[in-house]
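What follows is each chain in one-letter form.
2 protein chains.
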Amino acid sequence: MKPPRVLVFDVFGTVVDWYGSIAREVATAIPSVDAGAFALAWREGYRPAMQRVMSGELPWMTIDELHLLILRDVLARFGVGGLTEDEIVELNRAWHRLAPWDDTLEGMRRLKQRYMLCSLSNGNIGLLADMAKHAGLPWDCILSAEIFGKYKPHPDVYYGAARVFAVAPEEVLMVAAHQDDLAAARACGLQTAYVERPLEFGPEREKDVRDNGLNTWHVRDFIRLAEVLDA
Amino acid sequence: MKPPRVLVFDVFGTVVDWYGSIAREVATAIPSVDAGAFALAWREGYRPAMQRVMSGELPWMTIDELHLLILRDVLARFGVGGLTEDEIVELNRAWHRLAPWDDTLEGMRRLKQRYMLCSLSNGNIGLLADMAKHAGLPWDCILSAEIFGKYKPHPDVYYGAARVFAVAPEEVLMVAAHQDDLAAARACGLQTAYVERPLEFGPEREKDVRDNGLNTWHVRDFIRLAEVLDA
Numbered sequence: 580m581k582p583p584r585v586l587v588f589d590v591f592g593t594v595v596d597w598y599g600s601i602a603r604e605v606a607t608a609i610p611s612v613d614a615g616a617f618a619l620a621w622r623e624g625y626r627p628a629m630q631r632v633m634s635g636e637l638p639w640m641t642i643d644e645l646h647l648l649i650l651r652d653v654l655a656r657f658g659v660g661g662l663t664e665d666e667i668v669e670l671n672r673a674w675h676r677l678a679p680w681d682d683t684l685e686g687m688r689r690l691k692q693r694y695m696l697c698s699l700s701n702g703n704i705g706l707l708a709d710m711a712k713h714a715g716l717p718w719d720c721i722l723s724a725e726i727f728g729k730y731k732p733h734p735d736v737y738y739g740a741a742r743v744f745a746v747a748p749e750e751v752l753m754v755a756a757h758q759d760d761l762a763a764a765r766a767c768g769l770q771t772a773y774v775e776r777p778l779e780f781g782p783e784r785e786k787d788v789r790d791n792g793l794n795t796w797h798v799r800d801f802i803r804l805a806e807v808l809d810a
Numbered sequence: 580m581k582p583p584r585v586l587v588f589d590v591f592g593t594v595v596d597w598y599g600s601i602a603r604e605v606a607t608a609i610p611s612v613d614a615g616a617f618a619l620a621w622r623e624g625y626r627p628a629m630q631r632v633m634s635g636e637l638p639w640m641t642i643d644e645l646h647l648l649i650l651r652d653v654l655a656r657f658g659v660g661g662l663t664e665d666e667i668v669e670l671n672r673a674w675h676r677l678a679p680w681d682d683t684l685e686g687m688r689r690l691k692q693r694y695m696l697c698s699l700s701n702g703n704i705g706l707l708a709d710m711a712k713h714a715g716l717p718w719d720c721i722l723s724a725e726i727f728g729k730y731k732p733h734p735d736v737y738y739g740a741a742r743v744f745a746v747a748p749e750e751v752l753m754v755a756a757h758q759d760d761l762a763a764a765r766a767c768g769l770q771t772a773y774v775e776r777p778l779e780f781g782p783e784r785e786k787d788v789r790d791n792g793l794n795t796w797h798v799r800d801f802i803r804l805a806e807v808l809d810a
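Read top to bottom, the protein sequences are chains R and C.
In this text, residue positions in the first sequence follow our numbering: the first is 580, and each later residue adds one.
In this text, residue positions in the second sequence follow our numbering: the first is 580, and each later residue adds one.
Bound-form chain R, shown alone (with noise of 0.2 Å):
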């Protein structure tokens, strides 16, 4: 297998820990409820929300879009009201202020000296623009599903990427820590490394993070990842 050339990551969860910010936020924001809760069921919620806009049901969405669309829907199951609309659409945000893992920093920093290192997410290009700054996140370059006009899983947004750069499809390595991603990505020729990120769901929620055989590289965390990785 020849060194990939530029590598591309998923965000939600596999760079930054949305469980915990999420909770956080939450919990400032609506002191009664159970943050952790809200946090899995508003992140629930995304995936079929995604599926809608795919379908067609919806039109073209942004992520930003979705999660408001989402969040109002998650307040009324959990009873929260008197919330101003200012207050929904800052608490919308927190999805701009996801903190890192603990090895992100250190881990994309020592990428950085020697790959290309992109988002390949379906967060919107705002969103993850304005993440990146808040969490000090190195990106040589912002790939978002909007640039592409589909969300992951759809073929064109791996492809995507290869094309971005000029470059094979096996140049391209995609980082996640979801295996359907990965499934994805292999499908398009990428190669691909899954990382574990045991506390994705917090920590009343178990995740199995078992090598499943099938990815190019399998490793604990982003420090492991640069070793792996000659970098």
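What the hints contain is simulated information worked out from the structure, not anything from laboratory work.
Possibly wrong hints are sitting among the right ones.
Which copy is meant is left open, so a pair is good if it fits within one copy or across any two.
For lysine-lysine, the following DSS-like pairs were computed, each having C-alpha atoms within a straight-line distance of at most 30 Å [what the hints assert, rightly or not]: (1) Lys691 <-> Lys712; (2) Lys729 <-> Lys581; (3) Lys691 <-> Lys581; (4) Lys581 <-> Lys712; (5) Lys712 <-> Lys729; (6) Lys729 <-> Lys786; (7) Lys691 <-> Lys786.
Position chain C against the provided structure of chain R, taking the given hints into account.
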């Protein structure tokens, strides 16, 4: 005038010195030609080539593809034979290696402390990402005509930058060394800053860098831009 929230930059000539960089690479690759004249001829082919795309005569092509098209034509006009296909493709990548002006990096570092810094160039994403990595340009986000499917000065590009960040056009400041780019940005409601780059076309071709009184700011360089924007 409210302070802007996002700064978007023209790149070729504004952030980097295409004339000097291209002339240096041409002088090395093809010692027999007048490298400055060759650089000017290559750049002069750029606008007509983009217009052929925008008129529909050519399908969407990236700037890398257009640069290659023009390069073949310029090589023929300068009577240069004997380059291999690999050498031609490598010379075309000189546009990925353009050097910043002396004030660029310090100015950007200061501006980045306070503002979101994005490219807004007709250059394709891969070219701009390679250039940023090579030159150390600290973009928060790379925006390109490639994302919007139109070349500047089409309004979709300027409005697109505002839409990406969900801000009003007047909250975006376009920075450029070209009055036509700024006029188009102004027509979309953006704030504008003209940056003098008197040597854009080399030491032998004069450039009119006088203040036309139409822009929000008129500055000598990026250091002065940081000063007037309190960064």
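Going through the hints against the structure:
Both within a single protomer and between protomers do Lys691 and Lys712 lie at most 30 Å apart by alpha-carbon distance, with minima of 16 Å and 9 Å respectively. In this homomeric assembly, Lys729 and Lys581 come within 30 Å of each other (Cα to Cα) only inside a single copy, at 29 Å, whereas the closest approach across copies is 35 Å. When the C-alpha separation of Lys691 and Lys581 is checked against a cutoff of 30 Å, the pair qualifies only within one copy, where the shortest distance is 18 Å, while the shortest distance between copies is 36 Å. Taking identical chains as interchangeable, the C-alpha atoms of Lys581 and Lys712 lie at most 30 Å apart only when they sit on different chains, with a minimum of 22 Å there against 32 Å within one chain.
In this assembly of identical chains, Lys712 and Lys729 lie within 30 Å of each other by CA distance both inside one copy and across copies; the values are 25 Å within and 27 Å between. With identical chains, the CA atoms of Lys729 and Lys786 are at most 30 Å apart within one copy only, with a shortest distance of 27 Å there and 44 Å across copies. Only within a single protomer do Lys691 and Lys786 lie at most 30 Å apart by alpha-carbon distance; the minimum there is 29 Å, versus 38 Å between protomers.
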